[in-house]
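Go ahead and model the full structure; you've got the sequences and the hints to work with.
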Amino acid sequence: MSMVKRAAFAAAILALCSSVSWADTIKVGVIAEFSGPFAMYGRQYREAIETYVTKYGKQAGEHTIEFIYKDVGGSNPDVAKTLAQELLIREQVDYLAGFTFTPNALAVAPLIDQSQTPTVIFNAATSSINKGSQYFLRTSYTLPQVTAPLADWAFDQGIKTVVTAVSDYGPGIDAEKAFKAAFEKKGGKVVDAIRMPVATTDFTPFIQRVRSHNPNAVFAFLPGGPPTFGFTKTYNENGLAKSGIRFLGTAETEESNLQALGDAAIGLTTAFHYSAAHDSDVAREFNKAVKEKFPNAITNWASVGAYDGTHLIYEMVKAAGSDGPKALEAVKALKWESPRGPVEMDPQTRTLKQNVYIREVERDAASGLLVNREKGVIATVGDLGWSQ
Amino acid sequence: MSLLLNIAVDGIAYGMILFMISVGLSVTMGLMRVINLAHGAFALVGGAVAHTLILRWGLGYYVAVPLAIAVTIGSAFLSERLLFRRIYRLGELQQVLSTIGITFMVIAAVNKLLGSSLLSIPLPASLQHSLDLGFRVLPAHRLVVILAGIAVTIGLVLTLDRSRFGTRLRASVDNRNIASSLGINTDRIYAATFCLGAGLAALGGILGSELLPVDAYYPLRYMVLFLIVVSVGGMGSITGSFAAALALGVLETASRYLIPDAGTIVFFALVMALLAFRPAGLLGKA
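Chains as they are written, first to last, in numbering that gives the first Met the number 0: chain H, 0 to 387; chain E, 0 to 285.
Read the hints as simulated data drawn from the structure, not as lab findings. Remember, predicted model here, so these are calculated numbers, not experimental data. We put the beta carbon where it would ideally sit given N, CA and C, even for glycine. Heads up, some of the hints might be wrong.
[Said to hold, decoys possible] The calculated lysine-lysine pairs, modelled on DSS-like cross-linking and capped at a C-alpha distance of 30 Å, are:
1. Lys-26/H to Lys-111/E
2. Lys-287/H to Lys-111/E
3. Lys-290/H to Lys-111/E
[Said to hold, decoys possible] What follows is a set of in silico ranges between Cβ atoms, one per label pair, in the way DEER data are often shown:
4. Leu-2/E to Pro-102/H: 34 to 40 Å
5. Asp-77/H to Gly-90/E: 30 to 36 Å
6. Thr-379/H to Leu-130/E: 44 to 50 Å
[Said to hold, decoys possible] Rough simulated footprint, nothing fancy, chain E against chain H, three-plus residues with beta-carbon under 8 Å:
7. 36-47
8. 182-196
9. 200-208
10. 218-232
11. 235-246
12. 250-259
This is how it looks when you write it as structure tokens:
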């Protein structure tokens, strides 16, 4: 075959391939935890994606969407990077999604930059991730986004002195700083800042130290599961609630562990972007659809992050197929009604602007279950950590 | 002064929970010379069964807890017949690998059946109130744990040192062949001891769940803690485990009160220092 012929042949194949793939299947690689201690999040992402697919079909515009799930097993940047490489090169995915942990998301930044792959973060909540690549889009929240409004609100409620008690790791320290900055700017005073070892199981010493300061409230940040359980129990049992020291938090009362906290959780005040008890038709419909497909499912921040993320991917595919930069352009200021309330993409930070709700844990009279009842709304907050 | 009292009260309560969950391990690992890393798995089974009985079947706490311990002992008996009796004869590394494999299987099974979220074991109303000690309040269930810990220590010391079963067990462990030629049914002694260890694990897992909440990953999360208590106390020594658990509980609590930022480091540094001077543990026989 001559050079010219060969080139023409190659060009023909290329043209054929690209035209076929243009109207063909768009693949989305989901990197999340499907085994190990955090397997619950992977399962919730998957439940939300499948619920969305059931509702809106596999077709987005003239393309068919296919999801490929990969298990990263936990906070494991090397594995995340390897999986992303595998998905991009071997599976030829056009979009990436998932990412519970910040290090996992950061590890794929150079790859998605190079391959121009829009990547939708379902959870990882550190502001700086989205600075790592312009192809990151985030449908969860950032820590300052929920913490600073909580500090402002608390001050307006007459809470003037606070002790912060956070788990001694990255997100905990971020939360401590965000709370302190916002609270002191308002004129409040953080009288003590306690950092608790992550492996702590007995919280009594820390709770006693909070008590000895007798502040108006304690602001806590803990990883979900056993630590939150231990902290809220100890908070109640040592009489802090009774002596009027309020509990302020963010994700501590999230839905998948809320029932396990029991009556000790009643009255805990948190600021967060999502409550399964959100009062809107979209929210009720969402919960019903998930429960119909997966009777044992519990919806929380992970479900709604993935559900909105899937919506974003569908919109991108509809508008631009597999063309990454064009897809990004198409959704950079997209607005929609999410199960958490109205949301919109912020073109600068590529994180959702959304309502932050002040909630209080109550026992629902109808179902007998604990719920995060929304008591107040701080409207459309952007990523407050972006400029720091 | 009130700080010292706080450290003493919280330290003893925490230490007693450490003791409750690791004393069973001291029995199987120390007395039977089996490296049983599946110990936490029995605590998990006990906790998961108690959770299921109380929250899914609606049984009362005082019915569900003995039942859950009985179920755990039953499953320990079965697994001893089918699995562990083959493991006794293996070398140390093989014991470690096979028992940790069993742990992973139990974790996967619980994860499959009950999910990976917290498996709470709600306390009955009678244990939910707090006691006023004058200078501070103490949750009632911690007092129950302290009393249970003391009862278990006394019961075990009497059983192992004074009873006929204890004599036979010690004989079987020291020289299995001679013991069985003297007419002791060593198979039965081993099975009974193994079940005793598992039952104690279940009791500790359930009673301790207020401090060390039960979820599917319980055995891995706290394995290091169980092993530390047993090795600091000295393998096979019940009183040693008791002393070690109390000492570690008070030390860790003190470091949390006084230097919270360095809590974990202080704990492990002290454990290393102690084991450097007494490799066999506080009351262990080298």
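Against the structure, the hints:
Distance restraint check for Lys-26/H and Lys-111/E: the Cα-Cα separation of roughly 29 Å lies within the 30 Å cut-off, and the hinted pair is therefore satisfied. Taken as a hint, the Lys-287/H and Lys-111/E pair is honoured in the structure, with Cα atoms around 24 Å apart against an allowance of 30 Å. With a CA separation close to 18 Å, the supplied pair Lys-290/H and Lys-111/E stays within the 30 Å bound. A hinted range of 34 to 40 Å holds for the C-beta pair Leu-2/E and Pro-102/H, which are about 39 Å apart.
At about 33 Å, the CB distance of Asp-77/H to Gly-90/E agrees with the hint of 30 to 36 Å. Between Thr-379/H and Leu-130/E the beta carbons are some 48 Å apart, a value that agrees with the proposed interval 44 to 50 Å. With a threshold of 8 Å between beta carbons, the proposed coverage of the stretch 36-47 of chain H by chain E holds, since 4 of its residues qualify and at least three are required. Coverage of a stretch by a chain is defined here by at least three residues with a beta carbon nearer than 8 Å to that chain's beta carbons; for the stretch 182-196 of chain H and chain E the count is 4, and the condition holds.
Figure legend: the stretch 200-208 of chain H, annotated as covered by chain E; annotation consistent (7 residues with Cβ-Cβ distances under 8 Å, at least 3 required). With 5 residues having a beta carbon nearer than 8 Å to a beta carbon of chain E, the stretch 218-232 of chain H meets the requirement of three or more and the stated coverage holds. Check result for the stretch 235-246 of chain H against chain E: holds, 3 residues qualifying (beta carbon to beta carbon below 8 Å, three or more required). Given as covered by chain E, the stretch 250-259 of chain H passes the check, having 4 residues with a CB less than 8 Å from a CB of that chain where 3 are the minimum.
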